[in-house]
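K.L.:
Respectively, the protein sequence lines represent chains X and R.
Numbered per our numbering, the first sequence spans residues 7 to 205.
Numbered per our numbering, the second sequence spans residues 10 to 202.
No lab work stands behind these hints, which were simulated from the structure alone.
This one's a predicted model, so the numbers in the text were calculated from it and none came from an experiment.
A couple of the hints might just be wrong.
The calculated lysine-lysine pairs, modelled on BS3-like cross-linking and capped at a C-alpha distance of 25 Å, are [as the list claims (entries may be wrong)]:
id, chain 1, residue 1, chain 2, residue 2
1, R, K74, X, K98
2, X, K182, R, K202
3, R, K18, R, K198
4, R, K74, X, K179
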Amino acid sequence: MEILIIIISAIFVNNILLAQFLGICPFLGVSNKLSTAVGMSGAVCFVITLATVVTFLVNQYLLVPFGLEFLQTIAFILVIAALVQMVEIVLKKISPSLYQALGIFLPLITTNCAVLGVAITVVTKQFSFGGEPHMLNLGEATVYALATSVGYGLAMILFAGLREHLALNDVPKSFKGLPIALITVSIMAMAFLGFSGIV
Amino acid sequence: MSKIGLITKGFIKENPTFVLVLGMCPTLATTTSAMNGLEMGLATMFVLILSNIFISLIAPLVPDKVHIPVYIVVIATFVTVLQLVMQAFVPDVYKTLGLFIPLIVVNCIVLGRAEAFANKNSVLDSALDGIGIGIGFTMSLTVIGIVREILGSGSVFGFKFIPGDGILAFVMAPGAFLVLGYLMVLFNKLARK
């Protein structure tokens with residue numbers, strides 16, 4: 007039951023893009039075309055989940071026992087950067103077709119604040135999914151990361167679909183490009199506000 | 010470029026928020042009030058100036074292949090310094106801005122200036138560039154914060170001058186996107202003249 011609440015709250019209620027404002031730069035940058043949006047979402051989904059698991063373990067077994075929590079920011083960003091590099095190398099070797107699809111997005115992901123944001127959130131914030139506030143354990147953290155990245159993909163793909171139509175419309179000159187995109191996101195965020203209160 | 014020009018170009022011509030459109034996450038998330046926006050801008054400026062100075066010093070020594078990881082470590086170090094300083098002297102501000110202080114590491118403005126300016130210019134010029142872009146970013150965040158605070162709670166910097174509750178949506182997520190979108194329209198319009 008608790009797992010279900012984590013999933014719904016991470017995808018809809020606290021959507022990482024529309025409610026937490028993490029990972030906005032790639033969201034605005036690559037949502038011009040539906041196909042690139044799908045590729046980016048896939049890559050982000052993979053990296054967020056993997057990075058959260060690894061940084062969680064690094065934090066629990068390396069930083070906390072030695073009282074080095076203040077190094078979280080540096081340690082996490084290094085782990086993420088190394089991880090992204092490794093994923094890139096492994097993917098190139100094992101599945102060239104997947105590498106072709108995700109390849110160009112991978113280097114961008116190191117500086118996607120969603121990855122670092124989720125990694126820091128799961129080790130510093132107390133969650134109360136219907137029960138007592140508590141720190142997440144590894145299983146819950148993994149589920150949270152996976153659900154959050156699904157939420158990222160959902161918002162990204164929906165928005166890319168809207169934006170493809172937007173490109174065909176005749177908008178006033180000053181609104182062209184990003185401003186009209188931001189106003190569209192605002193309306194989407196308003197729609198997602200409707201989910202608050204279901205958990 | 011003159012030394013003054015290095016500072017003032019960040020205000021309008023290369024404004025990080027409205028022209029370069031960098032660092033959108035803190036711009037949207039922390040501008041719920043004018044004060045929060047100002048504080049976030051100053052925190053980013055602190056890291057930006059120090060990392061610009063340090064990177065312009067070490068740039069000739071860093072091999073080209075590993076320059077990005079090296080820059081990220083430098084930036085992360087200064088962010089950690091900032092976190093410790095803020096926890097010690099302004100714990101309340103640190104709590105309000107929360108996650109977005111450590112996330113300065115992945116703010117594209119900081120890495121962007123390191124890549125585009127600091128690694129090929131002198132220490133003084135890089136420091137001035139950091140100050141200019143930092144002020145530009147702080148101004149933009151404060152302006153967005155002011156607009157959202159007026160519409161959302163009828164006050165500016167906590168000083169209430171419109172009675173009543175205000176429009177809650179402007180303090181929440183949709184308002185952030187909407188205000189930024191319309192301010193960008195205004196900026197485009199003024200910049201074209």
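K.L.:
Going through the earlier hints one by one, which of them does the structure break, listed in rising order?
P.N.:
Hint 4 alone not satisfied by this model.
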